[in-house]
Every structure is written in C-alpha cells, then in structure tokens.
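Here are the chains, one letter per residue:
There are 2 protein chains.
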Amino acid sequence: MIAEIISTGTEILLGKTLNTSAFYLTGQLTGLGVEVRYHTTVGDHRERLYNAVQEALSRSNMVVLTGGLGPTADDLTKEIIAKAFNVKMNLDIDSLNSLKDFYQNKEIPPESLKQAYFPEGSIVLPNDFGTAPGVILEKDGKICIVLPGPPTELKHMFEKYALPKLQAILQNNGQKMFVKVLKVFGLTESELERELDDFRQKDVLSITLLDKHTYMDLRLTVRETDEKKANEILAEAESAIRERLGNKVFGVDEESHSLVVGRLLRQRQLTLATAESCTGGLLGGAITAEAGSSDYYLGGVISYANEVKQNLIDVNETSLQSHGAVSELVAKEMAEGVRKRFGSDIGLATTGIAGPGGGTTTKPVGLVYIALAHRKGVLVEKKQFSGNRQSIRNMTVESALNMLRIFLMELN
Amino acid sequence: MIAEIISTGTEILLGKTLNTSAFYLTGQLTGLGVEVRYHTTVGDHRERLYNAVQEALSRSNMVVLTGGLGPTADDLTKEIIAKAFNVKMNLDIDSLNSLKDFYQNKEIPPESLKQAYFPEGSIVLPNDFGTAPGVILEKDGKICIVLPGPPTELKHMFEKYALPKLQAILQNNGQKMFVKVLKVFGLTESELERELDDFRQKDVLSITLLDKHTYMDLRLTVRETDEKKANEILAEAESAIRERLGNKVFGVDEESHSLVVGRLLRQRQLTLATAESCTGGLLGGAITAEAGSSDYYLGGVISYANEVKQNLIDVNETSLQSHGAVSELVAKEMAEGVRKRFGSDIGLATTGIAGPGGGTTTKPVGLVYIALAHRKGVLVEKKQFSGNRQSIRNMTVESALNMLRIFLMELN
Numbered sequence: 001m002i003a004e005i006i007s008t009g010t011e012i013l014l015g016k017t018l019n020t021s022a023f024y025l026t027g028q029l030t031g032l033g034v035e036v037r038y039h040t041t042v043g044d045h046r047e048r049l050y051n052a053v054q055e056a057l058s059r060s061n062m063v064v065l066t067g068g069l070g071p072t073a074d075d076l077t078k079e080i081i082a083k084a085f086n087v088k089m090n091l092d093i094d095s096l097n098s099l100k101d102f103y104q105n106k107e108i109p110p111e112s113l114k115q116a117y118f119p120e121g122s123i124v125l126p127n128d129f130g131t132a133p134g135v136i137l138e139k140d141g142k143i144c145i146v147l148p149g150p151p152t153e154l155k156h157m158f159e160k161y162a163l164p165k166l167q168a169i170l171q172n173n174g175q176k177m178f179v180k181v182l183k184v185f186g187l188t189e190s191e192l193e194r195e196l197d198d199f200r201q202k203d204v205l206s207i208t209l210l211d212k213h214t215y216m217d218l219r220l221t222v223r224e225t226d227e228k229k230a231n232e233i234l235a236e237a238e239s240a241i242r243e244r245l246g247n248k249v250f251g252v253d254e255e256s257h258s259l260v261v262g263r264l265l266r267q268r269q270l271t272l273a274t275a276e277s278c279t280g281g282l283l284g285g286a287i288t289a290e291a292g293s294s295d296y297y298l299g300g301v302i303s304y305a306n307e308v309k310q311n312l313i314d315v316n317e318t319s320l321q322s323h324g325a326v327s328e329l330v331a332k333e334m335a336e337g338v339r340k341r342f343g344s345d346i347g348l349a350t351t352g353i354a355g356p357g358g359g360t361t362t363k364p365v366g367l368v369y370i371a372l373a374h375r376k377g378v379l380v381e382k383k384q385f386s387g388n389r390q391s392i393r394n395m396t397v398e399s400a401l402n403m404l405r406i407f408l409m410e411l412n
Numbered sequence: 001m002i003a004e005i006i007s008t009g010t011e012i013l014l015g016k017t018l019n020t021s022a023f024y025l026t027g028q029l030t031g032l033g034v035e036v037r038y039h040t041t042v043g044d045h046r047e048r049l050y051n052a053v054q055e056a057l058s059r060s061n062m063v064v065l066t067g068g069l070g071p072t073a074d075d076l077t078k079e080i081i082a083k084a085f086n087v088k089m090n091l092d093i094d095s096l097n098s099l100k101d102f103y104q105n106k107e108i109p110p111e112s113l114k115q116a117y118f119p120e121g122s123i124v125l126p127n128d129f130g131t132a133p134g135v136i137l138e139k140d141g142k143i144c145i146v147l148p149g150p151p152t153e154l155k156h157m158f159e160k161y162a163l164p165k166l167q168a169i170l171q172n173n174g175q176k177m178f179v180k181v182l183k184v185f186g187l188t189e190s191e192l193e194r195e196l197d198d199f200r201q202k203d204v205l206s207i208t209l210l211d212k213h214t215y216m217d218l219r220l221t222v223r224e225t226d227e228k229k230a231n232e233i234l235a236e237a238e239s240a241i242r243e244r245l246g247n248k249v250f251g252v253d254e255e256s257h258s259l260v261v262g263r264l265l266r267q268r269q270l271t272l273a274t275a276e277s278c279t280g281g282l283l284g285g286a287i288t289a290e291a292g293s294s295d296y297y298l299g300g301v302i303s304y305a306n307e308v309k310q311n312l313i314d315v316n317e318t319s320l321q322s323h324g325a326v327s328e329l330v331a332k333e334m335a336e337g338v339r340k341r342f343g344s345d346i347g348l349a350t351t352g353i354a355g356p357g358g359g360t361t362t363k364p365v366g367l368v369y370i371a372l373a374h375r376k377g378v379l380v381e382k383k384q385f386s387g388n389r390q391s392i393r394n395m396t397v398e399s400a401l402n403m404l405r406i407f408l409m410e411l412n
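Keeping their order, the protein sequence lines are chains A and B. Taken in order, the first sequence gives residues 1 to 412; the numbers are from the working numbering. Taken in order, the second sequence gives residues 1 to 412; the numbers are from the working numbering.
One or more hints might be untrue.
As the list makes no split between identical chains, a pair holds if one copy fits it or if it spans any two.
[Unchecked claim] Lysine to any residue pairs mimicking SDA-like chemistry, simulated, CA-CA at most 25 Å apart: (1) K106 with Q269; (2) K106 with E195; (3) K139 with L91; (4) K83 with T20; (5) K183 with L264; (6) K383 with V204; (7) K229 with I108; (8) K114 with N90; (9) K16 with A289; (10) K139 with T214; (11) K340 with D295; (12) K106 with G343; (13) K383 with G130; (14) K100 with G343; (15) K180 with L320; (16) K212 with Q267; (17) K383 with Q167; (18) K376 with Q390; (19) K100 with L411; (20) K228 with G359; (21) K114 with E381; (22) K212 with F23; (23) K340 with E317; (24) K114 with P150.
No lab work stands behind these hints, which were simulated from the structure alone.
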C-alpha cells in the first residue's frame, strides 16, 4: 500500500506553522505497514489543490489530506475530492443534526451548511473538538482520507475514528494488523531505544516509539492473519517489556497518567488535595480532566504568593525565610498543610523555578521539588528539568502524577 | 517571486524525522518577500526526484532542494539538477582542495570525489560543518538552490552563504510581504467572515482567518515594495477592523489572552486571585503561563468539593443547598470569598458542568457561571457552551480572561 500526504494550509507556506501533522500521520501510517512516498503542501487554492490531488491519485493507492474543512470560501478540500473522484456532494443528516446542536436555537449560518455535505460514498468521521467532520472515501481501488487542519482535532479524529476504519480497510486488502500501545514515563526516546534494542522488528512484531513530550508511546504492531495468535504475540511482548521496564509503564492504549492515578485512588478509596506553586493550577487541571474526578479529588490551593502559602496551607514563615519557597522543606510543608486543611488522605505539592527568570547558581531554572504527604509520612523528590517554562511546568505535572501513581501502587 | 521547497529524505517519509528545514526555509523566504507555494517531500529515488524537480521548475521561479548531497549512491540531487537544467557536471577545484584538506594525508575515497562536482554555472556554497557543499544555479529565469540535509549544516550555509546571494538576486525583483495578526475573541469563523466581508482581498491587502479553537486569528498581509507604505496600509486596515469589532480584538501577533490581562493588571497595579470549580486549575494555569505573573497573581483555590467552597472561600452552606454549586449566587460568593481570603483587588471564579455526566434539563452540560469580584461590586456572566469536557473547560478559561480583560479596560 503506497500513500501520500497532502497538507493544505497557507499557514505552513507562510512559514508560521511547522507541519507536525504530516510527521504525525507518516508515523501512524508507517506503523500500519503503509509506505508513505510523498508529502506535499499546497495553499488553499482551487486549481493547485485539484492538480495535487489528481497527481497523488495517479501514483498512490492512498491519499491523506489535511485542512480545508472549515466553513469559509477558501475551504475547498471536500469539493475537490468529489470532483477528483467524479461523485456529487450529498447532505449527511447526522452532520446536519450536529451542526443544529452546535448552533442550538440560533440559525445555522448559510456558509456553515457546507460542513454537512460530503462526497457521495463517504464514511463521515465525527469531529469531537470542532464543527468540521472528516471523510474516508474508498472508490476505484483508491482510498482518500480527509482530516481537519488543527492538530488536536486531527489527532483525535485519526486515532478514534479513522484508524479503526483504516485497519479494517487494510485487512480487507490482505493485511491484518493488531496494535497495543504501552505508555512509558521517565525514559527518553534514545534510552528507550537502547533498552529495547533486542525487541525491535522481530518477524511479525514491530515496535514504534512516539515521543509524546512528557512521556513515550511504545506501539506494538503485529501483522498476522490469526487474531488469537496475534494477541498471544502481543501479550508475550507486553509482559517481556513490562518485566524490563518495571513501573515505568504507566498505562496502555489511550490511558492518561491522570486516568490511571484516578483509578488507583478510587480503588483504594483515598482522597487527594493539591498545593501548587510553579505549576499554577496545571496539576489540578490535569487531575480534573477526567470525568468523575470529584469522587477522589477535593481540590487544591494555588499558592503562588508566599502569604498564600502561609495563610491557606500553613507553611511556616521561618521555613520560607531560611530555606526559600523552592526548597525541600517548603514542598513538604505545602503537601502536609494542604492535606490537613482539606482533610484529604493525600496531599500533593509542587514548588519550583519555571523560568525564564528567577534562577540562581544554587537554585537554577528547572529546579523543582514535588512532595507527597500521607498519614504514614511525607515523601519529597528533587528534580532538575530542562527546556522552556512550558515544558518545565508540564514535566512537573507528569512527575507529580507519576510519584503519586508509584506511591499508590506500592501502598499496602 | 514564486518558490517551492523539495525535501529529499527517506527518514521524513518513515516518520522518523520532523521536517523542520522546510519550516525554517519557508520562514526565511517569506521574510524575503518570496511566496512559497508548495512543499514536497520525496525519497532518495532517481525517477521520483527528477519528476518532482521538473514539475517544480515548470510552475515556480525558485526551487530550493534539501538533502541528497552526500557521497553515497542514493545522493542524487546535484546530478538530477544538472539533468533538469540540461548542463554537464564540472569539477570545482576549491571543493576538491577542501576535500583534500578534510581527508588530510589519507586518500579521498572514490565515492566522495563526487562531492567536488557541480552542475555547470553553479555558485558553490561552502559547508563549514560538513563535506557536502551546496549550490545556487541561475539559468533561463529559474533559480535553484541546493542545501545539505542536516539542519545545522543547512541553516549555517543558508544564512552565511546563500542568503547574501539570494538577496542580491531578489533585489532586481524587489517585492516584499508585511504581516500583522489581530486576535479576536467571541466570534466564530463564519461570523467574522460575514463581519469583514467588505474588507477582504483589497488590492495589495489580503485577510486570512484562522480558527484557534477558543479564539480567531485575523492575518493581514500586504505585498508592497515600500515598507513605509506597507505599514501605513496595515495600520489603516487595523484601525478600521478595530473600529468594527471593538473590544473583541484582544491582542496582536503572538500575544495570548493571559499576557494581555497580565499587562492590564500590572498597569493598573491590581492583584488577582482565582476560585475554580469546573476548570479545576486551568485558569490559574493559563494566568501563570506568563513569566512574571507573580507580580499580580497571588494564587487561587481549586474548590472542587463543596466543603472546600465553604471552608476555604466562605461560600454559604445555604447557598449551596438552595441554589446548587453551579449557580449565579455560588459563583458570586466564590469570587467574593477568594478576593477577601487572599486580600486581592480582584477575585475571579468559575463554576459549571463540564460533562459528560452531571447535566440535568435545567442545568445542562456546558452551563457555566463566571463571576468577577472587585470592591465596586460583583459581576456575573452565564454561559452555555457546547462541545466535549475539554472544550467546555477551555472556553470557560478564555471567557473568564476575556471578562477580566474587558472589566480592566473599562475600569476608571
């Protein structure tokens, strides 16, 4: 199966946006055993886009297009696909209803209506994060997939809706594929590559690494006609990898770190409260990303100012003065303080220097303390992260969740 | 001047490498006033690469190629360029001497010798970080630039050797592009398109809309030779758009909503504290994304559980019981409570139903109250958002920042 990716987007051609979607999709398709031969980027321009699609269909079996699904006049992709496949545009009732829901009691703007029209024969891919659905169209031995431009919409739609259909299509074309993803925290891409060197590319099993910034996805793919045998191979590989990586594997498939932590808290019937300094609310934000998190998460304090640390979570003034806000002692007092004030079983606290300013030689940017308080005592971890403000804060959140996960796993 | 970029590289088509060079070069070329119309990636494959080069030369004035300059058999770029321009390959004595230097007393490997051969008429671009020089070839009204694949070699060569030559070539063509972005909150893509219908595509000025999920980017682009005139056109367009959209324009270029709010707080020397229910810390997270936010942000309470609302920010038990946690009254008490407890000038609070569960007919998923407390009184806004848990929470954060921004702008 030969594929190519066409990105439409004036943004990319203005040098404002890095084309991460082509990279992402290439990794995904390669993992499915598809050979990607070309990437093309064209602007939102009728003739140029049509020519690019025609050219792609003439030389590849599969064409993946991104972007150009919006309501404005220069959103042309579906229309051009219909022309290239020589089919008409049909109204899709489900999409029309979704649009009606989206606009509630207001009238749907006439130009938005085109988001409910699709090339005849399309499988419509729902968009959970936006109004523009995607398309899979299979005709005359060619597969065309159209995905929205914004990367979060694209990724979610691809993984949730396009991937299963694509796997089914590929299986009908004689390729059977079974996939399991292991999520790994605390190893870089090259460390993980080294760690698993002898596992990679073993006959029918292939292992793909995907860097998710704060963690790694390890995608195990088995090409097999027999499902039972495929699952055996996957299970065997998973258990061998888990044995090697230990508790660095924090979840499988779509599980996030906060989902896994939430499940452990619920199982152990424990409640949690947070005290955040450098993460400024992002830890609470991650925990509450899970529906039903109110079952175990009571809330938290964003103790950005020192007075808040003292008044709301009882950090000692002398600790702040003698050790500084970014210190092991203050981290511990924050965790213990929020646990007591909220009456939770566990208190989890972050304090650090996210930068770009505020670093010193003894306390450089990226220095972070994470503390966990429980009736059995208070644990603290010292971290030195690198990167910009955003990545230091994100790494702090993930590390705090990881610390909590391991604590809960080991708790008797 | 119309250009396109052809990246050769099997790593990119295996999903192993993100194509940052195309992004980098596009930014550089756009800055020179060159219009980049296509990006193409092809593997190191003679026929496919030749076809791509032919196609590019047929439709663009400038073709920039990256990669394929090494000594191995699949490094074909220069040879293919010579064929496409119908010129022979000549030995370049300077490059041969550089190779001799590089290999010092050892013999030059025969396959490396091809790195000293170039299409006739080439300007040779030295490679200070590797053995593969680059090329600029100008012939029959077409410009072809060949740069090495490794990004550090490419960047250095482009900036030090290619850029000055390119600028000299472009001075004869002399067109430039000037860009300004206005950031708009509270209008959908189609509403904004209708609103600005008469502004779009006016001679040298073009307006592009980009949906950023919680807000819209309005990109104004002017093609002009005279920088002063270009800036006048941009300034005039900006002021006309601002007059029409009023305070819906919240920032320009790279400014985020939290940056703008932070600047207003700093200017007015006011401090802020937050009380979050449905956003679970994301509002604090957004505010503290700005370096130096501790100047005005004291912190907040994530009051997920009702007990936390009562104990930490003094929401009345009776208000919770009679009106429920998601209500105008509780939102007001949260904002006022956090303002008093933290001793801040402003308290900002969110409470709502982020879903997917927890909705009722009178309080459906997506219902959110945002309250702002100040010594002058307490304001509250009721919102009904659509979408999933994530987008409801993100829209709540942006709406809270927007409410605060407008309050601060109107404050005497």
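Hints versus structure:
1. K106 with Q269: Neither way: K106 and Q269 sit 45 Å apart in one copy and 41 Å across, limit 25 Å.
2. K106 with E195: Cα proximity of K106 and E195: across copies only (17 Å, versus 56 Å in one copy).
3. K139 with L91: within (19 Å within a copy, 51 Å between copies)
4. K83 with T20: Close neither inside one copy (28 Å) nor across copies (33 Å); limit 25 Å.
5. K183 with L264: Within. Shortest intra-copy distance 16 Å satisfies the 25 Å Cα cut-off; inter-copy 42 Å does not.
6. K383 with V204: neither (40 Å within a copy, 53 Å between copies)
7. K229 with I108: neither (51 Å within a copy, 40 Å between copies)
8. K114 with N90: Within. Shortest intra-copy distance 10 Å satisfies the 25 Å Cα cut-off; inter-copy 56 Å does not.
9. K16 with A289: between (30 Å within a copy, 21 Å between copies)
10. K139 with T214: neither (40 Å within a copy, 37 Å between copies)
11. K340 with D295: Close inside one copy (19 Å), not across copies (28 Å); limit 25 Å.
12. K106 with G343: neither (46 Å within a copy, 42 Å between copies)
13. K383 with G130: between (38 Å within a copy, 18 Å between copies)
14. K100 with G343: neither (45 Å within a copy, 45 Å between copies)
15. K180 with L320: neither (47 Å within a copy, 45 Å between copies)
16. K212 with Q267: neither (27 Å within a copy, 38 Å between copies)
17. K383 with Q167: neither (41 Å within a copy, 41 Å between copies)
18. K376 with Q390: Classified as neither; 33 Å inside a copy, 35 Å across copies.
19. K100 with L411: Neither: 50 Å inside a copy, 38 Å across copies.
20. K228 with G359: neither (56 Å within a copy, 41 Å between copies)
21. K114 with E381: neither (54 Å within a copy, 32 Å between copies)
22. K212 with F23: This pair counts as both: shortest intra-copy Cα distance 13 Å, inter-copy 21 Å.
23. K340 with E317: both (18 Å within a copy, 21 Å between copies)
24. K114 with P150: So K114 and P150 pass the 25 Å test inside one copy only (19 Å; across, 43 Å).
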